[in-house]
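Trainee: Residue numbers (the working numbering), protein chains in the order written: chain A, 28 to 313; chain B, 59 to 558.
Mixed in with the good hints, there may be bad ones.
Said to hold, decoys possible - Not close to chain B: a few residues of chain A, all C-beta gaps over 10 Å, as computed:
| no. | residue |
| --- | --- |
| 1 | V39 |
| 2 | L87 |
| 3 | K128 |
| 4 | R133 |
| 5 | L144 |
| 6 | F209 |
| 7 | L212 |
| 8 | V228 |
| 9 | A244 |
| 10 | I260 |
| 11 | L264 |
| 12 | G267 |
| 13 | V298 |
| 14 | K305 |
| 15 | V309 |
To be verified - Keeping only pairs whose Cα atoms sit at most 30 Å apart, straight-line, the calculated DSS-like set for lysine-lysine is:
| no. | chain 1 | residue 1 | chain 2 | residue 2 |
| --- | --- | --- | --- | --- |
| 16 | B | K285 | A | K213 |
| 17 | A | K128 | A | K197 |
| 18 | A | K128 | B | K216 |
The set of hints was computed from the structure by calculation and includes no laboratory data. We put the beta carbon where it would ideally sit given N, CA and C, even for glycine.
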Amino acid sequence: MNVVLNEPLSQVSLLFVSAAMGLLAVALLLFAFQLAKLKDDSTESRFEKFGFWVLGFATLVLGVGVVLRGIAANRVPWANMYEFSITGALTILTVYLVSLKVRDVRYVATFVTGFTLVTLFAAVSLFYVEVKTLMPALQSYWLVIHVMVAILAVGFFAVAAGFHIAYLVKSAGWGKALMDRFPELKVMERIAYRFNMVGFVSWSFTLIAGAIWAERAWHRYWGWDTKEVWTFIIWVLYAGYLHAMATRGWNGRRAAWLGLIGFSAVIFNFVVVNLFFKGLHVYSGL
Amino acid sequence: MESSFRSSLMFWPRWFWRQLTSMRTALFLLLLLALAAVPGSLYPQRSADPNGVRVYYDERPELAAFLDALQLFDVYTSVWFSAIYILLFVSLVGCVLPRLRVHLTALRRGPVQTPENLKRMSAYFESTGALDLEKVRKVLKQNGFRAEIQGDSVSAEKGYAKETGNLVFHFSLVAVLIAVGVGGGLSFSGQRVLVEGDTFVNNLASYDSFSPGPFFNERELVPFSLKLDDFAVIYDLRNPANLGQPIDFVASATLDDGSGATSQEFRVNHPLAAPGANVYLTGNGFAPVITVTDGTGAVAFSGPVVYLPQDSNMTSLGVIKVPDALPEQIGMISFFYPTVAELDTGAYTSIYPDPIDPLLTLNVYTGDLGLDSGIPRNVYALDTSQLEVVASRTGPNPPVELRPGESADLPGGIGRVTFDGVLRFASVDVAWNPGGFWVLLFAAIALIAIVFSLSIRRRRVWVRVRGEKIEYAALARGDDEQLESVLSEIKDEIEKEARV
Chain A
28 MNVVLNEPLS QVSLLFVSAA MGLLAVALLL FAFQLAKLKD DSTESRFEKF GFWVLGFATL
88 VLGVGVVLRG IAANRVPWAN MYEFSITGAL TILTVYLVSL KVRDVRYVAT FVTGFTLVTL
148 FAAVSLFYVE VKTLMPALQS YWLVIHVMVA ILAVGFFAVA AGFHIAYLVK SAGWGKALMD
208 RFPELKVMER IAYRFNMVGF VSWSFTLIAG AIWAERAWHR YWGWDTKEVW TFIIWVLYAG
268 YLHAMATRGW NGRRAAWLGL IGFSAVIFNF VVVNLFFKGL HVYSGL
Chain B
59 MESSFRSSLM FWPRWFWRQL TSMRTALFLL LLLALAAVPG SLYPQRSADP NGVRVYYDER
119 PELAAFLDAL QLFDVYTSVW FSAIYILLFV SLVGCVLPRL RVHLTALRRG PVQTPENLKR
179 MSAYFESTGA LDLEKVRKVL KQNGFRAEIQ GDSVSAEKGY AKETGNLVFH FSLVAVLIAV
239 GVGGGLSFSG QRVLVEGDTF VNNLASYDSF SPGPFFNERE LVPFSLKLDD FAVIYDLRNP
299 ANLGQPIDFV ASATLDDGSG ATSQEFRVNH PLAAPGANVY LTGNGFAPVI TVTDGTGAVA
359 FSGPVVYLPQ DSNMTSLGVI KVPDALPEQI GMISFFYPTV AELDTGAYTS IYPDPIDPLL
419 TLNVYTGDLG LDSGIPRNVY ALDTSQLEVV ASRTGPNPPV ELRPGESADL PGGIGRVTFD
479 GVLRFASVDV AWNPGGFWVL LFAAIALIAI VFSLSIRRRR VWVRVRGEKI EYAALARGDD
539 EQLESVLSEI KDEIEKEARV
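The following block holds chain B by itself, in its conformation from the complex (with noise of 0.2 Å):
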């Protein structure tokens, strides 16, 4: 009585399971999975592309709210993709698993019992006569097949490397996963804008932006330093086709472990490897030198500002805060054209990415900067919305422009400004993530196993004598259009060897 309700109570879990572990299930998920990989290439992912994000929210942030709620922002982390994907891969294991144990049993049994009537399989020969079975079990060893002499007849088998290989393939799949799981969780990418000469020392407080995965631990950071001595970026000047196309971009830096200093050298595609991490290198820019002077003759700025390129010829704009200039605080929004076309308009404008005719643009500004406010400020954005405009194309007086060397008194006597000259900064990628060799490994391993896999055939052959009848029979796992001819072949070499 108890039994049998406890049996009923199992039957819906059984029936789950049953469903959950079948290849119908298997095939289900896996195209759902394909399908719910779509919206991510449709819409921006958080992932990939924030900017593309916060774009779609300013463009029309109802859509955005309602895709948001639906996690199409962040699909590949999103509740209903690792549905799927955790139900697939409970599905392959729970139907892995009992597959291992029939294999390891067959594996260790050898070739399975002869069956009585052989002539239901696909393959089948008669012949007459008498036959060494010892001798036949020779011929089958040679064309690689696992066999045992039962009775009067010798069963074979070939091909276990096709199922260890299905096997393989389908645990390494969860290694993978395991893997990729894991090493994300403890792997971390920091972003930091290097100015040629500047120097990075690895800790926290050294990045500008910093993403760690959710076991990372700040003691993964080896202490290192490394000093951008000079950053080249290399033009094509041969080939009129490639004009003003970069062809190498080329960091040279000087990386101190703690036990000395080394010479190295780093570009895009081969990053520099560093104690704990590798440095990558992710982007360029102009870095113009400008010195501030202000109304009271003091220098109340000097140093390498770092400009973000606005377009292809590199035309750049930076941001110049001069928080400490007397008696009035100086703002400026610069341009900086490395090679410099007026246009129609009277506008600027860069036609060459590299400075062979440089100029600089100021547009200055005085007031209340806010940086004293507390509110953390953007360094590459200036509100000019409570400042006195003193020099702009529009203002009183004309933007103030410098070529390299150059300076110039700021009008109304408020400072002058020199334009000492010109460095480039690199924008380097510090990144690590430990499961990156692991799943390297893993997917090596899956990709050779699944050779065997597929390529490997699933044969079992035999062989039985009875009075002067002398049967042949086989039977492949799966589709196999060769089997017949095949056992033709063994017959004809059995015929020849074993004999009596």
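Looking at chain A on its own, in the form it has when it is part of the complex (with noise of 0.2 Å):
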């Protein structure tokens, strides 16, 4: 383990993640426009079109960003809370664009994005550490699966808890004008149970994952560490999200309410838990 550092790549990589930022801002402006105009006039896509490919382009030079932060640390660039904001980030917009090519999702564009660009502010801000060695405990292979997965399945419930808030936005009346060129609720809520079943699954993996690695780090596989609790009460509530799905009187609004605590719990386990609570997983670098 002779590992080479290098701070100004680092420096470099934070230079593209900062032009990514910029990127983003501009694809909210349009976005935004996008919806101001979409009150008046269903046909309108001359910003939505643009939008999306400065949102395709952001998240190329995103992800130079996070591939220069790997380079720069000679390791995956997800092992502390700076990496694991743009990484996270960069795999929100890129689960989201591949879906576009599946389905209709361009909806929530505004979500992921105003959401991505939030994270990456907090990281560039609040999260920025230098590149440093991993420590021991996080010298496996499990730190690739693990996190990746975990970050993975963040993804898929971001993009679902945006059409968690459209559905509820639309079922509440609110903005009737703007909210008739959404799809049906039908529609907005089949797509989130899609995307919470691949975060459910990816989640599922990722707790086993992480158990497998507890046991050959800590000596037992599950130990109620504060992070291994928050992951359980997260596994727990979006299986109570998909038995809610399927139970009578339950889909529909409740539904929605429940994805969407089961994604404030998502990202309060990685904000709260990771920085103030006190537990095993101390990998915030801060």
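Once you've looked at the hints, go ahead and assemble the two chains, each given alone in its own frame, into the complex.
Mentor: As structure tokens, this is what we get:
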């Protein structure tokens, strides 16, 4: 283990991440214009088209930033809060852009763009740390698998959360002129369900992978460490969501609220548990 | 009369059982379980952070006692948490068992009876003409359906694996719970501090602390011995940002399982597989080797002393008790600085965790150490309240300072102390949980099963020919937005292949 770190390269990576933030802000504006126009004219799509080009370019630039950070640290770029955030933002954007090819998920572009922009802003202004080598506890191939799949799960949950919000806004009758242009409630519920489903399976996998790693590193596969507790809570909440979708009278608004509560727990687990709770997962680097 | 009495007697239990096994209750219990798990992350837990509980008791004893009465320091073994998950699993079994029976019947019987009124199904098409039902059956079979000719119609169904996956998932969760319980009961973990050169023999007496599961039997400990030959801590010297950060801990050991000795290595994340247990590296520190000769010139103490690390630069605190010293017992509280630096206040600190410029300081006391009173004493602490101070920063003489290889006379002619050198110690956990394999196995089965359950669609298709009228109908379990297009494709295929 004789790794050479390259902090100057990490600064270059930071430049790319910042540039991606600028591009995301532009994309966010374009999507906002689009929503404003859509209210009056359902055929409007100029802003949207341009917005997606900018969003795609932002993702590419962010991707370069993340890869450069990995090269600077000579390992996978997800071992502290800053790196979780930039890789997480990249993953959410990638999941979203790939999903566009499969399903019509354009409607949550504003949410996805805004959410990743906030994530990156927090990363750059609050979480940035110099590149460091891995502490021995993190030197394991499980770091690659366990963390990557966790981030992927968050990507799917995030897109679903966008649809939950749209669903709740539309079903509450707010912004009727605009929300009438959104897909039917049934369709949005279905899309959210699909994304949560993939998220749930990934989350289950990451929970199991984490337990295998914990057995190697800490001599027990499960010990109710604060991070383990919250991983469990999130799993149970989304299991509850899946049950709700199959229970008469519980799908619709109630299920959407449950999905949002699940996603809030995901964010809580990332921000509050990482930074303020005592436990074995002390990898924020701050 | 009697039977109606019995049925009224059974009314409430039945009602209760129906309520418990309903989806709504399962959902409610799931959410309750999530909620009940939260306090375990807010309050320190005895299982994960016993020291945190102690601190809580020291700082706010009344609140701590109150929280303890509510079992908030043992959330995951508490009565209320257990009640929730046991109810949840009873509800789960009660819900899934009848479904298992229904599903097995469905698997055996094949497609259902074609309903009379097909127009009421979620997808429905009509056309005219005549079909060869045998060819219709074949087309449906090629599309993955189980199909059966029933008089003037073909009834077909596919996606049985959805329910199979769902049932396997739920039963696997029950198996995981059982494996966790039984495995945890039979498991054990023990801690031991090993200085370089020490040998550990696997029996109960060798452990510094030992926590067995409730069903643990001493015979589970397979005899082996493990000698810690060498323990290296590797620091990064190339990257300034990493200064003082360990990048690897490597313990080299000789393992003897009775059939022969082998050299082994274990590190963080890479436990050593010993017979019947794994050996994990969990901590490290310094063990300075110290020799004390007493006032009569006899060697009263000699050997490595385990010093507990106090900060990230490995300033370490050790206690040396020399009850055999004459004329008076000697006690010493000692600091070890791997790379020493002097603060403005004159106190020392360590500025780097590797021993580049090591210094040992000793505060010396004499008097009755209290070791003969029969009361167990902590080896890492010295109660100085009854002792006479011989040397300390505030005492009559300054603390004794030694570099490796140096020795010094203790003030007042009570003896002489030598700092022979520095060894490292490793804290190791020896642990085994026989349930681990089974938990993993059933968790993996559950994961595969849930993928089937969530991704496969259960669909029924009927084709009926009555006179000149052909009817196509389909029904899905749950929401299925593609049902109509699937039926339409099947219709096209049938009209192409099976027209007479």
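Trainee: Evaluate the condition: distance from the CB of L87 of chain A to the nearest CB of chain B exceeds 10 Å.
Mentor: holds, 29 Å
Trainee: Is the nearest Cβ of chain B still more than 10 Å from the Cβ of V39 of chain A?
Mentor: Per Cβ check, V39 of chain A is outside 10 Å of chain B; nearest 16 Å; holds.
Trainee: Sort out whether K213 of chain A lies within 30 Å of K285 of chain B, counting only the CA atoms.
Mentor: Not OK: K285 of chain B and K213 of chain A at ~66 Å, beyond 30 Å, violated.
Trainee: Taking the shortest Cβ-to-Cβ distance between K128 of chain A and chain B, state whether it exceeds 10 Å.
Mentor: For K128 of chain A, whose nearest Cβ neighbour in chain B is about 18 Å away, the distance exceeds 10 Å, so it holds.
Trainee: Would R133 of chain A pass as off the interface with chain B, using Cβ distances and a cut of 10 Å?
Mentor: For R133 of chain A, whose nearest Cβ neighbour in chain B is about 18 Å away, the distance exceeds 10 Å, so it holds.
Trainee: Minimum C-beta separation from A244 of chain A to chain B exceeding 10 Å: can you confirm that?
Mentor: violated, 5 Å
Trainee: Beyond 10 Å from chain B, beta-carbon-wise, is V228 of chain A?
Mentor: violated, 6 Å
Trainee: Over 10 Å from every CB of chain B: does L212 of chain A meet that, or does the non-interface label fail?
Mentor: holds, 12 Å
Trainee: Can we trust that V309 of chain A is non-interface, i.e. its beta-carbon lies farther than 10 Å from all of chain B?
Mentor: holds, 13 Å
Trainee: If we take the beta carbon of V298 of chain A, is the closest beta carbon in chain B still more than 10 Å away?
Mentor: Since the minimum Cβ distance to chain B is about 14 Å, V298 of chain A lies beyond 10 Å and the statement holds.
Trainee: Assess, step by step, whether the Cα of K128 of chain A is no farther than 30 Å from the Cα of K197 of chain A, and give holds or violated.
Mentor: It holds: about 25 Å lies between the C-alpha atoms, which stays within 30 Å.
Trainee: Would you check whether the claim that G267 of chain A is not at the interface survives, using Cβ distances to chain B and the 10 Å cut-off?
Mentor: It is violated; G267 of chain A is separated from chain B by about 4 Å at its closest Cβ, not greater than 10 Å.
Violated hints, listed in ascending order, are 8, 9, 10, 11, 12, 14 and 16; each of the other numbered hints is respected by the structure.
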